[in-house]
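**Student:** Residue numbers (the numbering used here), protein chains in the order written: chain P, 6 to 261; chain R, 30 to 459.
Honestly, I wouldn't trust all of these hints.
Unchecked claim - Incomplete in silico selection of chain P near chain R, CB under 7 Å:
{"#": "1", "residue": "17"}
{"#": "2", "residue": "20"}
{"#": "3", "residue": "22"}
{"#": "4", "residue": "24"}
{"#": "5", "residue": "28"}
{"#": "6", "residue": "31"}
{"#": "7", "residue": "32"}
{"#": "8", "residue": "100"}
{"#": "9", "residue": "102"}
{"#": "10", "residue": "111"}
{"#": "11", "residue": "112"}
{"#": "12", "residue": "113"}
{"#": "13", "residue": "260"}
{"#": "14", "residue": "261"}
Worth flagging that the hints you see were computed from the coordinates, not collected in a lab. Remember, predicted model here, so these are calculated numbers, not experimental data. We treat Cβ as the ideally placed atom computed from N, Cα and C, and that holds for glycine.
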Amino acid sequence: MSGLGTLTRKELMESLRTRRLPVVVVLFAGLGILSVLTARYLSEILELALGDQAGAIPIPDPTVADAVTELQQNIGQFGALTAIVLAMGTVAWERERGTAAFILTKPASRAAFLAAKIVALGAVLGIATATAAAVAWAYTAVLFEPLPPAGWVVMTVLVWVGLMAWASVTFLASTVLRSAAAAAGVGIVAVLGLPLASAIPTVGRWLPPGLDGPANAVARGATFDAAGLLSALAGTTAIIGGSTLAAWLVFRRQEL
Amino acid sequence: MSDISPELVLLLVPLALIQIGLVVAALWDLTRPGRRVRGGSRAVWAVVILLVSTIGPIVYFLAGREDEATPDRASAAPAPDAMDGWVPPGARAVGPTAAAVVAAPAPSFDGPAISCRGLAKRYGGPGGGVLALQGLDLDVPAGSVFGLLGPNGAGKTTTLRILAGLTHQSAGSATVAGTPVVPGGIDVPRHIGFLDQDPRYYGWLTGRETVDLVGRLHGLDERERAFRTAEVLARLALTDAADRRVSTYSGGMRQRLGIAQALVNKPPVLILDEPVSSLDPEGRRDLLALIAGLRGSSTVLFSTHVLADVERVCDRVAILDRGRLIVEGPLDDLLERFALPIYRLDPEPGQARAVDRLVERLRSLDWVAEIATGHDYVRVIVSDPGRAAKELLPAVVAEGVSLAAYERVRPTLEDVFLRLVGRNAAGRVA
Numbered sequence: 006m007s008g009l010g011t012l013t014r015k016e017l018m019e020s021l022r023t024r025r026l027p028v029v030v031v032l033f034a035g036l037g038i039l040s041v042l043t044a045r046y047l048s049e050i051l052e053l054a055l056g057d058q059a060g061a062i063p064i065p066d067p068t069v070a071d072a073v074t075e076l077q078q079n080i081g082q083f084g085a086l087t088a089i090v091l092a093m094g095t096v097a098w099e100r101e102r103g104t105a106a107f108i109l110t111k112p113a114s115r116a117a118f119l120a121a122k123i124v125a126l127g128a129v130l131g132i133a134t135a136t137a138a139a140v141a142w143a144y145t146a147v148l149f150e151p152l153p154p155a156g157w158v159v160m161t162v163l164v165w166v167g168l169m170a171w172a173s174v175t176f177l178a179s180t181v182l183r184s185a186a187a188a189a190g191v192g193i194v195a196v197l198g199l200p201l202a203s204a205i206p207t208v209g210r211w212l213p214p215g216l217d218g219p220a221n222a223v224a225r226g227a228t229f230d231a232a233g234l235l236s237a238l239a240g241t242t243a244i245i246g247g248s249t250l251a252a253w254l255v256f257r258r259q260e261l
Numbered sequence: 030m031s032d033i034s035p036e037l038v039l040l041l042v043p044l045a046l047i048q049i050g051l052v053v054a055a056l057w058d059l060t061r062p063g064r065r066v067r068g069g070s071r072a073v074w075a076v077v078i079l080l081v082s083t084i085g086p087i088v089y090f091l092a093g094r095e096d097e098a099t100p101d102r103a104s105a106a107p108a109p110d111a112m113d114g115w116v117p118p119g120a121r122a123v124g125p126t127a128a129a130v131v132a133a134p135a136p137s138f139d140g141p142a143i144s145c146r147g148l149a150k151r152y153g154g155p156g157g158g159v160l161a162l163q164g165l166d167l168d169v170p171a172g173s174v175f176g177l178l179g180p181n182g183a184g185k186t187t188t189l190r191i192l193a194g195l196t197h198q199s200a201g202s203a204t205v206a207g208t209p210v211v212p213g214g215i216d217v218p219r220h221i222g223f224l225d226q227d228p229r230y231y232g233w234l235t236g237r238e239t240v241d242l243v244g245r246l247h248g249l250d251e252r253e254r255a256f257r258t259a260e261v262l263a264r265l266a267l268t269d270a271a272d273r274r275v276s277t278y279s280g281g282m283r284q285r286l287g288i289a290q291a292l293v294n295k296p297p298v299l300i301l302d303e304p305v306s307s308l309d310p311e312g313r314r315d316l317l318a319l320i321a322g323l324r325g326s327s328t329v330l331f332s333t334h335v336l337a338d339v340e341r342v343c344d345r346v347a348i349l350d351r352g353r354l355i356v357e358g359p360l361d362d363l364l365e366r367f368a369l370p371i372y373r374l375d376p377e378p379g380q381a382r383a384v385d386r387l388v389e390r391l392r393s394l395d396w397v398a399e400i401a402t403g404h405d406y407v408r409v410i411v412s413d414p415g416r417a418a419k420e421l422l423p424a425v426v427a428e429g430v431s432l433a434a435y436e437r438v439r440p441t442l443e444d445v446f447l448r449l450v451g452r453n454a455a456g457r458v459a
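Take these sequences, add in the hints, and give me the full structure.
**Tutor:** Here is the structure:
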């Protein structure tokens, strides 16, 4: 893939110069903090909001599992939205503006052009997810109890893989549809639709939402369904790889 | 509020700082001079940032800002020092010559630098659409400066984009520097420098970084990149603006940057689509001198609407019309073969009625192809030079017109162009 190193460097520099990377990292850091605080102080927040009426709602004592679940849910929702926004214009905007034509009249292969973008997307989401996880781990240690770092790292990787699935589907749409807005629409449909499909057990175990349960358990150091984890991981990886491959198959014949 | 534990307040502080920081940063960025946003309305984005919780600033930063690419040519606002373009030629006498800037290695291919055989392009579906190029056969000799002419829609840009690998031919084949053109391939780009008709670059890169990026893609090592980048930027008079972001460049500066990046790899073949269209007269003159200076060391294929530019620098010319090659050959041969002789008559002043009668008389003669009149001249294009030599002056005498001057003038490429493409095409030439 001629030009991959140069183009990856260019993409990462673009993420920094256009402030995408710092902004997403800050957002995810906020999610990390918010998640643990919400889990720990939900009862107090409800008391403040509802006053005496809060007593009528039975709220169980917060546990470390709540913190992990809250983190997963927040990153799952806001992170998916961020992944879609990051990926929606990756190819469509470059083609629209003519910068893709500028690059691809140089000795840079179309495969490298796409691969660099996927690598940069992965790097931005990876750094942001790691930041959120690190902040959340520290807050969890202060507000609940320290959890095994190794399990927390595995959970972080699984969350990141899940986000990459949404990013890669949007990336494929950005390549095929020539419109960033349409690509975002496809990404949102995927985010909303795949969890619904997960309700079908035979299908759901292969989809990204299937990563949530094992990730939660491994973060807490609890036992988990290894077979379920492997099938969800394989399915999600296939979505990422398949979307990227399909994007390349389309893009290599596209006129610019 | 007394029920809130101090611990909670302490833990909420970073969250509040993140929220406030994002909003402030987004608003600060939004209000920067020259900031362009998608959708065009900064007021709408301000509302989004302020009212849509944490997501507002995020959506603004990731999707709302519009500074990743250079602005449209029409809307490009020159920066205060954007007109710092071309220093007077005398002041630049110490700069490297065009040949030194390019100095491509001796070509390792035999035959023409560019060859097209039966090249065709249809836009749209197989059953309809537009046939932009129809069986183009063209050879561009190595080391020549070759002009591609034609009215709008003639197929010039389509041809150049096929050669650069951006557009795929519907039929036929082409080679550049002996290498077959393959859609999306990277072998041809190794041998060419390419300038698009409306060049776009990453607005967040500086001019120097843009040229350096191209050098990296061509595999130049760090030392050579630094040297070549400085050299071509100096040759294109962009040194002073080299470390400014490209988003601040004017249209002319971007065009010069386009030439600079096309030259950085010392390409044996340069393909330039309308390279002087955004330049002022001085910039146009200097760039044409640069192109002319490449003759012999590099092959230049460029398209233009400006026929005078072609006459100034080209060895050979091809004229396209409606996707077909009308004529191709050395410029002098074309002028010899296709230009009809032209006589210019400059009547003495104060003979308007006599001149009108003369023009009427000339129009009725079968050896007169066309007449053009100005306020102090009559231009007679003739189809039979022999008869014109014998009968023109007697016609002038017969109508009693006194002449201040009478000469047979050299036909121009414009005369050839208009004759071959047709008068109707003149209106289509931008």
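**Student:** Run every hint past the structure and note whether it holds.
**Tutor:** Now for the hints, and whether the structure bears them out:
1. Among the interface hints, the one on residue 17 (chain P) is violated; its C-beta lies about 12 Å from the nearest C-beta in chain R, farther than the 7 Å criterion.
2. Using the Cβ-Cβ criterion of 7 Å, the hint placing residue 20 (chain P) at the interface with chain R is not satisfied: the shortest such distance is roughly 10 Å.
3. Because the beta carbon of residue 22 (chain P) sits about 4 Å from the nearest beta carbon in chain R, less than 7 Å, this interface hint is met.
4. For the restraint placing residue 24 (chain P) at the interface with chain R, the shortest Cβ-Cβ distance is roughly 6 Å, inside the 7 Å limit, so the hint holds.
5. A distance limit of 7 Å between C-beta atoms decides the matter here; for residue 28 (chain P) the minimum to chain R is near 4 Å, and the interface restraint holds.
6. Hint status for residue 31 (chain P): holds, given a least beta-carbon distance of 6 Å to chain R, under 7 Å.
7. Interface hint status for residue 32 (chain P): upheld, as the beta-carbon distance to the closest one in chain R is roughly 5 Å, under 7 Å.
8. Proximity of residue 100 (chain P) to chain R is violated relative to the hint, the smallest CB-CB distance being about 11 Å (cut-off 7 Å).
9. Annotation: interface hint on residue 102 (chain P) holds; nearest CB of chain R at approximately 4 Å, less than 7 Å.
10. The beta carbon of residue 111 (chain P) comes within 4 Å of a beta carbon in chain R, closer than 7 Å, and the hint placing it at the interface holds.
11. About 5 Å separates the beta-carbon of residue 112 (chain P) from the nearest beta-carbon of chain R, less than 7 Å, and the hint is met.
12. With a cut of 7 Å, the hint placing residue 113 (chain P) at the interface with chain R holds, because the nearest CB-to-CB distance is about 5 Å.
13. Taking 7 Å as the C-beta cut-off, the interface hint given for residue 260 (chain P) holds, the closest approach to chain R being about 5 Å.
14. The closest approach between the C-beta of residue 261 (chain P) and any C-beta of chain R is roughly 5 Å, which is under the 7 Å cut-off, so the hint is satisfied.
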